[in-house]
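S.K.: The primary structure of each chain is shown beneath.
Protein chains: 2
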Amino acid sequence: MSKAGGDEVAGGSSSEKAQQPEDETPSGKVPSKLSATTTGPGWTKVSCPCCVSEQVEPLVLVKLGEKVRPETKRWLIKLIGAPQKDGGAALLAHPGEDASGDIIAVSAPRCTLLRATEELGLCKPYRNGDMEAFSYNDRDNFKDSDKMEVFLTLAERQYIVKYELDGLRAQRDLRIPGLSDSYTLQHRDNIWQKLGSARVIVDTLPLHNPEQLKNLSEAWYCGNQLAQPLDSVNGYFGSSVAFYFSFLDFYTWSLLLPAILGLSIAYFSGEVQKEMVDSVSASGVTHVEHDSAVSGHMILAVFSMLWSTVFMELWKRRSSSLSYRWGTLNLAERFAEPRPGFHGELGVNPVTGRVEPLFPEWQRDLRMALVSVPVVGLFLGLVVLGMLCFYWGEAQVQQLHKDWDSLLSQTLLYMPSVLHIVYTNMLATVYKTVAQSLTEYENHREESAYEKHLTTKVLVFTFFNYFAVLFHIAFFKQDVPLLRKRLASLLIVTQLVNQVTEVVIPFLVDRFISSPQRAESEDDPQEDKFRNQSNLPAFPGLFAEYIELLVQFGYLSLFSCVYPLTAVLLLINNLTEIRSDAYKICKLFRKPFFPPVANMGVWQTAFEVLSFVSVVSNCWLLLLSPRLQELCQENGMSSTNILLLAVLVEHVLILVKLILAVLIPDEPDWIRKKREHIEYTSMQALKQQKIQSEES
Amino acid sequence: MSKAGGDEVAGGSSSEKAQQPEDETPSGKVPSKLSATTTGPGWTKVSCPCCVSEQVEPLVLVKLGEKVRPETKRWLIKLIGAPQKDGGAALLAHPGEDASGDIIAVSAPRCTLLRATEELGLCKPYRNGDMEAFSYNDRDNFKDSDKMEVFLTLAERQYIVKYELDGLRAQRDLRIPGLSDSYTLQHRDNIWQKLGSARVIVDTLPLHNPEQLKNLSEAWYCGNQLAQPLDSVNGYFGSSVAFYFSFLDFYTWSLLLPAILGLSIAYFSGEVQKEMVDSVSASGVTHVEHDSAVSGHMILAVFSMLWSTVFMELWKRRSSSLSYRWGTLNLAERFAEPRPGFHGELGVNPVTGRVEPLFPEWQRDLRMALVSVPVVGLFLGLVVLGMLCFYWGEAQVQQLHKDWDSLLSQTLLYMPSVLHIVYTNMLATVYKTVAQSLTEYENHREESAYEKHLTTKVLVFTFFNYFAVLFHIAFFKQDVPLLRKRLASLLIVTQLVNQVTEVVIPFLVDRFISSPQRAESEDDPQEDKFRNQSNLPAFPGLFAEYIELLVQFGYLSLFSCVYPLTAVLLLINNLTEIRSDAYKICKLFRKPFFPPVANMGVWQTAFEVLSFVSVVSNCWLLLLSPRLQELCQENGMSSTNILLLAVLVEHVLILVKLILAVLIPDEPDWIRKKREHIEYTSMQALKQQKIQSEES
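Listed in order, the protein sequences are those of chains A and F. Just so you know, the first sequence maps onto residues 8 to 703 in my numbering. Just so you know, the second sequence maps onto residues 8 to 703 in my numbering.
Hints may contain errors.
Chain F is nowhere near these chain A residues, computed Cβ spacing over 10 Å in every case [stated by the list, open to error]:
| # | residue |
| --- | --- |
| 1 | Asp-196 |
| 2 | Ser-326 |
| 3 | Leu-419 |
| 4 | Pro-423 |
| 5 | Val-429 |
| 6 | Phe-471 |
| 7 | Pro-602 |
| 8 | Cys-639 |
Only pairs whose alpha carbons sit at most 30 Å apart, straight line, appear in this in silico DSSO-like list of lysine-lysine [to be verified]:
| # | chain 1 | residue 1 | chain 2 | residue 2 |
| --- | --- | --- | --- | --- |
| 9 | F | Lys-92 | A | Lys-680 |
| 10 | A | Lys-323 | F | Lys-680 |
| 11 | F | Lys-680 | A | Lys-459 |
| 12 | A | Lys-680 | F | Lys-680 |
Keep in mind that the hints were calculated from the coordinates and are not lab data. Model, not experiment: these values are computed from the prediction. Backbone N, C-alpha and C define an ideal beta-carbon position, used for all residues, glycine too.
All chains, full assembly: derive it from the sequences and hints.
M.R.: What follows is the structure, given as structure tokens:
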């Protein structure tokens with residue numbers, strides 16, 4: 008997987024014989040052509056002359072089950088290579104070194120790539136330099152549309168291969184050669200899913216491009232560079248990953264301001280020393296407030312509210328610029344084929360007029376209301392149960408410490424917190440599996456809808472899980488010192504745990520257990536290198552990463568005013584997080600498939616919701632600030648009046664936040680104009696088309 | 008304006024000679040053609056054979072200034088009749104009985120109507136029954152596209168004439184015949200505006216169709232029918248008016264539930280008697296709360312919150328169905344010509360690629376921030392000033408009553424309220440003019456943006472103006488009986504004042520002052536009938552109507568829990584309001600021009616905002632309810648805790664409201680599918696078009 012691999016790939020595939028031009032065959036001739044071309048040692052042949060190229064780049068590896076018989080493999084290769092009108096995927100397949108081996112390398116010819124680019128609604132640079140929705144018929148006016156390696160990014164090419172494979176459907180009832188009759192395909196069955204359940208296909212994974220990967224990792228995490236190579240990340244891993252890293256980047260830089268403010272407040276108020284004393288002596292429950300510290304508390308509370316609003320608004324603008332730049336402004340997922348897991352009765356889609364499975368909206372709503380919601384509720388109940396146990400434990404330990412007062416009992420003081428955090432993390436893991444099954448059961452048509460509902464489920468739970476205790480301390484116990492202690496321990500423990508589980512363990516496993524087994528030399532056959540990639544663990548997705556950020560953001564915007572060092576700790580954490588996440592995705596896991604996306608999706612909403620909740624939380628914490636209460640009592644205000652004032656301030660601030668959110672446009676002016684231009688031209692085109700179809 | 012008029016119009020115009028077919032002239036020949044056809048007594052001739060029809064229906068009346076010279080009129084008629092490529096409006100003009108008279112009747116030929124229908128983005132029934140965005144090239148596939156009277160509604164045809172006239176721009180520098188040199192037209196000047204400022208054109212008004220009007224009024228307000236003929240209203244007055252009446256209708260029926268609830272609460276709690284005593288003896292400040300009355304107060308508060316949410320969500324769904332039905336789902340205003348009042352430097356519009364005036368966004372923002380906002384603030388200050396004076400007066404009068412205690416002083420008790428209401432209404436009138444100039448100065452490109460900003464300005468002010476006192480009483484004085492008294496007097500006085508100023512006075516003026524002067528007989532020339540219409544006062548727009556509804560809705564959703572009869576009073580008011588508004592728009596004013604719209608625009612937002620504020624207000628009024636306070640004190644809760652509880656309840660309710668708003672889709676499922684279908688076909692078409700333009 009090191010230096011020399013890059014040339015190998017190109018060399019390997021070019022040595023496996025370039026494509027020969029072949030005349031376009033009318034559909035009648037196709038069967039004979041297929042049977043003639045798929046048994047040779049090279050790539051399957053392309054069906055149109057424009058797609059013939061000197062080199063074929065292996066994009067995706069299909070790993071077959073061990074017991075798969077050669078005739079099944081031959082049938083599969085034929086299927087992958089067959090034109091779409093014959094029910095194939097119109098891709099290029101390569102059987103590997105050995106026709107009976109357990110891998111198939113898949114690539115895509117130019118025409119298939121271009122047609123899928125149109126189908127996905129990707130935008131590409133037009134000849135006048137603007138990004139325009141790609142149109143196959145107009146392909147010659149798009150820049151570089153003859154050089155697939157430049158025109159489409161590696162991630163896009165690989166996703167297209169997956170998209171085509173996932174979209175394979177049986178055109179008629181069909182027996183799969185070499186398989187028992189129980190796996191006979193019915194009309195419109197999803198072939199890839201069926202083969203997966205028959206264990207013919209064990210895995211489908213995109214292949215790394217060693218040279219590109221090397222360049223990327225050098226620009227990304229090897230040096231001391233400050234900026235991330237986001238465009239290259241988008242090119243190599245796709246826009247989902249690129250959006251995550253862009254957000255992480257933007258967020259980390261935005262932390263600078265609160266970090267500096269927090270640091271200076273902590274420094275000038277002697278907070279630093281106090282915290283140190285606190286954490287060593289664990290005497291957090293005693294009141295050691297200084298006047299100046301509390302005034303820092305107030306500054307931070309107000310600052311947090313403003314910061315989180317401005318941060319989110321600016322991110323939205325940045326996000327839409329990125330989406331324009333990466334050509335995902337105009338994705339057409341609603342109009343594409345449904346996701347493979349989607350099932351329903353065959354019918355005519357009222358939007359596109361195509362025949363495809365339909366699933367009534369009300370039935371989905373019913374499933375959500377009667378199954379998903381109660382199950383999610385149950386888990387939220389478990390969170391509350393955990394919290395109750397934590398309080399019980401806390402009380403017990405305090406009592407113990409009072410009775411014994413030894414070093415042991417002092418250490419025990421932290422036990423309930425630690426146990427609770429562990430319980431919380433475990434529960435989260437179980438819940439994630441449950442949420443996946445629930446969302447699968449809800450049967451969403453689009454990949455993005457599936458992702459959205461899954462994420463929302465996990466998110467609600469996570470929010471509850473991580474923040475229930477903090478809210479309880481802040482709002483019911485109204486105990487600022489305890490909140491501070493808890494926040495500090497959460498920040499430090501969670502971050503340590505995360506860094507260890509996410510990076511250190513996989514790194515050690517990779518270095519000392521897996522790697523020696525698959526040490527590779529330059530002479531290894533190409534096939535073994537592919538196989539090595541498939542032995543890496545699968546990338547666990549961006550859930551965990553986003554949730555980590557969301558929880559961080561929650562700590563910061565909701566409660567940071569009681570612990571000024573929050574932003575500093577987060578900044579340090581994130582600077583390492585960027586590198587460790589980058590290292591992880593490049594080296595420790597298989598290359599993941601990610602669909603092109605236009606924004607962070609539901610995560611953006613989640614961050615926005617948090618930034619609204621932060622107003623409530625900060626107003627409340629302001630109210631709890633002893634300094635403010637003193638001030639008010641000096642001025643002769645009753646506690647009811649202080650409370651009324653706080654409620655008033657809160658409502659005004661929420662109003663200000665809403666007005667700010669409305670006033671700052673979500674997309675820069677120039678993007679809006681581009682988008683309207685696209686809408687305008689497509690409207691114009693509709694009118695043109697009608698007459699054309701009329702005349703013809 | 009009565010029975011026989013209908014036939015007259017058709018007869019009158021058909022007797023004025025039908026159009027003769029004429030070969031299409033290449034642009035070189037046009038001048039000679041125009042000079043030959045415009046001096047005769049009939050309509051100007053159409054330029055394409057398909058537009059020739061037996062009858063020409065006069066749609067719009069252009070009223071000229073008294074001093075306009077015949078050559079100017081001839082030039083204007085020529086301009087109206089000239090094809091668009093020669094800078095004309097491609098309409099049909101008729102000089103009236105007398106070539107030197109002061110009116111021009113304007114109609115539109117088929118081609119102009121159809122092209123404008125496409126330009127405006129109106130949807131019309133396609134041959135398969137679906138509504139589709141109209142396309143001129145595909146006109147034959149739309150139902151009834153050869154019968155303009157069926158295909159387009161009267162309102163649409165008239166709006167199109169206005170749209171074409173307003174869009175007239177000088178193609179080169181041009182002296183207008185018969186006018187001084189100071190009125191020379193510059194290249195790209197808006198001709199209609201220039202002629203207006205030169206007093207050549209005094210007025211442009213759509214003409215009534217007496218027969219249709221008679222049918223409409225019979226179906227609308229003459230009988231005892233419960234349902235309004237909304238489709239006919241849309242056809243005759245356009246979708247702006249139709250949306251107002253649909254909303255009024257929907258709102259009035261929705262009032263039934265709160266009215267029944269309010270009535271039963273008032274009845275069972277003896278509230279009715281109490282209120283009567285209250286209003287007669289003006290002893291509202293004394294506490295006469297019954298236990299049962301207060302519990303009604305609580306029921307109503309909770310009910311108001313839920314009702315206002317559900318009401319708004321259901322209305323949004325109804326609104327989108329109506330917009331589909333009326334073909335305004337897909338309006339293309341952003342892509343059309345800018346509104347006539349818009350000015351700026353000539354440039355290429357980046358969206359449509361057309362040359363038109365451009366005005367930078369930031370300059371508009373600057374004008375809003377530096378001029379509009381301060382002026383609006385000033386007026387809000389005047390409202391506060393008025394409120395302070397009101398309180399001062401109130402205190403004085405109370406003192407007086409205490410000193411004298413006579414019938415006179417008792418009457419005087421109501422004086423401050425009445426004076427304040429009058430002041431408030433006067434201020435509102437002045438403000439409306441100011442708001443118009445401000446919005447004109449902001450220089451919005453689209454008519455709808457202009458309307459939106461104007462409405463928002465008026466709305467903020469109105470809200471402040473009407474509700475400042477009520478909020479002050481509820482939140483600062485915390486005086487429920489005063490609030491109740493105030494609300495009752497506002498409801499009764501405002502409604503009486505509105506009904507009188509809106510209907511009774513215009514009716515009396517119309518019947519006894521204007522009408523006798525313009526009594527008409529069947530033998531009157533057509534021209535005089537037109538002239539009579541132009542003597543009616545102009546329709547003042549829907550502002551006042553919507554604001555009345557908004558204020559009503561505010562009383563109801565914000566404060567009705569303290570006065571259960573609110574909904575009943577409003578229901579009675581609205582049942583008469585529907586008829587009086589209908590009568591007013593049909594009989595008392597000129598027929599107004601209204602652009603097609605897809606919804607109520609900014610008004611919908613305003614109602615939604617109010618329904619959120621209602622949560623805050625109702626929670627607060629719940630808190631003030633003495634019964635609740637007793638209850639809590641019995642259970643040993645401190646006032647701080649009650650307040651905390653109320654704040655918690657408020658936040659939860661706002662959350663519930665938000666979730667409800669997200670969960671109930673804003674458009675019914677079938678509309679969403681239709682809309683997506685339109686988007687899909689237009690996306691497909693874009694791809695088709697590119698290749699077409701490539702090939703040609």
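S.K.: None of the hints should be skipped; say for each whether it holds.
M.R.: Right, here's what the structure says about each hint:
no., hint, in the structure
1, Asp-196, "holds, 26 Å"
2, Ser-326, "holds, 20 Å"
3, Leu-419, "holds, 34 Å"
4, Pro-423, "holds, 27 Å"
5, Val-429, "holds, 31 Å"
6, Phe-471, "holds, 14 Å"
7, Pro-602, "holds, 19 Å"
8, Cys-639, "holds, 13 Å"
9, Lys-92/F <-> Lys-680/A, "holds, 28 Å"
10, Lys-323/A <-> Lys-680/F, "holds, 28 Å"
11, Lys-680/F <-> Lys-459/A, "holds, 20 Å"
12, Lys-680/A <-> Lys-680/F, "holds, 26 Å"
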